[in-house]
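Student: This is what each chain is made of:
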Amino acid sequence: MQSIIVENIVKTYTVKKTVVEALKGISFAVEKGEIFGIIGPDGAGKTSLFRILTTLLLADSGTASVDGYDVIKDYKAIRNRVGYMPGKFSLYQDLSIQENLEFFATIFNTSIEENYAMIKDIYVQIEPFKTRKAGQLSGGMKQKLALCCALIHKPSVLFLDEPTTGVDAVSRKEFWEMLHQLKLQGITILVSTPYMDEAGLCDRVALIQKGEILSINTPKGITSEFGKPLWSVKADEMFRLMNEIKADPEVESCYPFGQFHHVVFKSQENVKEKLELIASNGNYTGFEVHEIEPNIEDCFMALMNTPNP
Amino acid sequence: MEDKIINNSATNSSPLKDGDKVITAKELTKRFGDFTAVDKISFEVEKGEIFGFLGANGAGKTTAMRMLCGLSMPTSGSATVAGYDVYSQNELIKKNIGYMSQKFSLYEDLTIRENIKLYAGIYGLSDLRIKEKTAQLLEELHMQGEEKTLVRELPLGWKQKLAFSIAIVHDPAVVFLDEPTGGVDPITRREFWTLIYEASEKGITVFVTTHYMDEAEYCNRVSIMVDGRIDALDSPANLMKTYAAKSMDDVFLQLARKAVRVE
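Protein sequence lines, in the order shown, are assigned to chains R and E.
If you read the first sequence in this note's numbering, its first letter stands for residue -3, the second for the next number, and so on.
If you read the second sequence in this note's numbering, its first letter stands for residue 383, the second for the next number, and so on.
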């Protein structure tokens, strides 16, 4: 069964007489119980999409449904059965952890006790501070509280808009572990992120850029679509090396990746030798070259450079 | 009059000599009541170095950075930035550094040219110099012809690149970048790092915080703060060796997971 269906959604905004196309007719479907990632940078249209699906914003055209309910006609039913964690922290800063949670439980005609099992694993981590005001919590704790508030009415679908943005690597890891626990309870999760490395933690992802979906697939499926050998090189003078590789007319792309540069050539003959030649001509020390498997970020950049068919 | 000249030409006023460290911190400490946000941190940063300043949320990075930028008085310890003392010369520090973050950068309702003029003017550049700098900056960023575009209308990536160039419009000794690439697409993020490398080649020291661990690997050296202290400081390659880690992500997780304090 499909939990979220999006068909040809278009959304435009008019800013000072210029029309900005936030979503240019996007379509996808999310299976029940799936963790589906919307991966893309700021300005890709992620938040518009989330607001449309949570019935807070109307699309210009196209249709969408959540759990079989239409986002326009059945907006009340949708609001009762989805949990939404917006990108911007939107709990009450001057209420305590416990008060925020009670407030959201009451709005949905339930209580913390009734659905405690739902939030227990996450709530125990912040419960020792339950009298502290939300405004005084650290980023990681705010995020946990927001997730508890989005879960307190036992939603069937969870919408998480950039839950890990600006959060450090440790808290990000912990957050994804929580999502996988929730998945085990059968909740469908639509989650957006600008961090490409988080794509691998989703069942399927849509890569999105400037209001268009570049690709929809499993993380493995996306990397297998890369289609060209990818080379990883390293030397002691990385910046000079990058400029020299980029200057070679046979090079299609060269991007820094941590301690390495990832290089793709236009044609694939003797590529390793070509790279070794650049290194020896430039008298580089500590030169290394390996053929590697592409990651999601390699794929995203390659897709950004290919005009959509 | 003397004083005025010094104040208005940031580049020439720095007392740094060749070989001097651009940032020095010795047992630098900041306490708020009985909470020690920054706990005796010591380190030095060389001219032109790209220095990564990492730590989990709440580790004390922002507090440390505010002290180094002359915005917050330390409780104890000592530090100099661009050759100036953080206690007695914080106004001179402000004139000799650049600062940029994702949250604070440019005025959205001013044009590109107006933003450049505003910041260059604040830093005391002459009209002639502002003109030269504007032309140079637009060329370097491939933004010629866009001078009259409102910053609001620029894509995020362009804004961030422009903000960085403006943060170093007065050729400061050091530029502080607080998570400069958050939310930016992966290609623009890399273009941004090219600008960082170019600034470093020109001799500008770069002090940068980031949550992207691959970016930590672009730094010459990286420090990792845990619970207000600097628990590790070395080149990314050496840190990976020391912690037997495959990536900086691994190093960071090993260290940050030891944190006991809750913000």
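FYI, nobody ran anything at the bench for these hints, they're computed from the structure.
Any given hint could turn out to be false.
Unchecked claim - With a Cα cut of at most 25 angstroms, we get these calculated DSS-like pairs of lysine-lysine: (1) K206/R with K530/E; (2) K84/R with K20/R; (3) K206/R with K584/E; (4) K216/R with K628/E; (5) K230/R with K179/R; (6) K584/E with K230/R; (7) K584/E with K12/R; (8) K640/E with K126/R; (9) K513/E with K499/E; (10) K628/E with K169/R; (11) K485/E with K403/E; (12) K230/R with K628/E; (13) K485/E with K138/R; (14) K169/R with K584/E; (15) K403/E with K268/R; (16) K206/R with K485/E; (17) K584/E with K499/E; (18) K513/E with K20/R; (19) K530/E with K138/R; (20) K13/R with K541/E; (21) K513/E with K12/R; (22) K224/R with K242/R; (23) K20/R with K69/R; (24) K13/R with K530/E; (25) K403/E with K169/R; (26) K530/E with K230/R; (27) K623/E with K84/R; (28) K242/R with K403/E; (29) K28/R with K216/R; (30) K12/R with K530/E; (31) K129/R with K485/E; (32) K84/R with K485/E; (33) K628/E with K541/E.
Student: It remains to establish, for every hint, whether it holds in the given structure.
Tutor: Right, here's what the structure says about each hint:
1. K206/R with K530/E: Measuring from Cα to Cα gives roughly 24 angstroms; hence the hint holds.
2. K84/R with K20/R: holds, 24 angstroms
3. K206/R with K584/E: violated, 34 angstroms
4. K216/R with K628/E: holds, 21 angstroms
5. K230/R with K179/R: violated, 40 angstroms
6. K584/E with K230/R: Holds - the C-alpha atoms of K230/R and K584/E are around 23 angstroms apart, at most 25 angstroms.
7. K584/E with K12/R: With a Cα-Cα distance of about 40 angstroms, the restraint between K584/E and K12/R is violated, given a limit of 25 angstroms.
8. K640/E with K126/R: holds, 24 angstroms
9. K513/E with K499/E: holds, 8 angstroms
10. K628/E with K169/R: holds, 17 angstroms
11. K485/E with K403/E: It is violated: about 29 angstroms lies between the C-alpha atoms, which goes past 25 angstroms.
12. K230/R with K628/E: holds, 15 angstroms
13. K485/E with K138/R: holds, 19 angstroms
14. K169/R with K584/E: Outside the cut-off at roughly 38 angstroms; violated.
15. K403/E with K268/R: Violated, at about 41 angstroms.
16. K206/R with K485/E: holds, 22 angstroms
17. K584/E with K499/E: Given pair K584/E, K499/E holds - Cα atoms ~22 angstroms apart, limit 25 angstroms.
18. K513/E with K20/R: Given that 25 angstroms is the threshold and the Cα spacing comes to 40 angstroms, the pair is violated.
19. K530/E with K138/R: violated, 41 angstroms
20. K13/R with K541/E: Satisfied, since the Cα-Cα distance of roughly 21 angstroms is no more than 25 angstroms.
21. K513/E with K12/R: violated, 29 angstroms
22. K224/R with K242/R: holds, 17 angstroms
23. K20/R with K69/R: holds, 22 angstroms
24. K13/R with K530/E: holds, 17 angstroms
25. K403/E with K169/R: This hinted pair is violated, its Cα atoms lying about 37 angstroms apart.
26. K530/E with K230/R: violated, 41 angstroms
27. K623/E with K84/R: violated, 38 angstroms
28. K242/R with K403/E: violated, 33 angstroms
29. K28/R with K216/R: holds, 20 angstroms
30. K12/R with K530/E: Judged against 25 angstroms, a Cα distance of about 15 angstroms means the pair holds.
31. K129/R with K485/E: OK: K129/R and K485/E at ~24 angstroms, within 25 angstroms.
32. K84/R with K485/E: holds, 13 angstroms
33. K628/E with K541/E: Cα-Cα ~34 angstroms, so violated.
The structure fails hints 3, 5, 7, 11, 14, 15, 18, 19, 21, 25, 26, 27, 28 and 33 (numbered hints given earlier, in ascending order).
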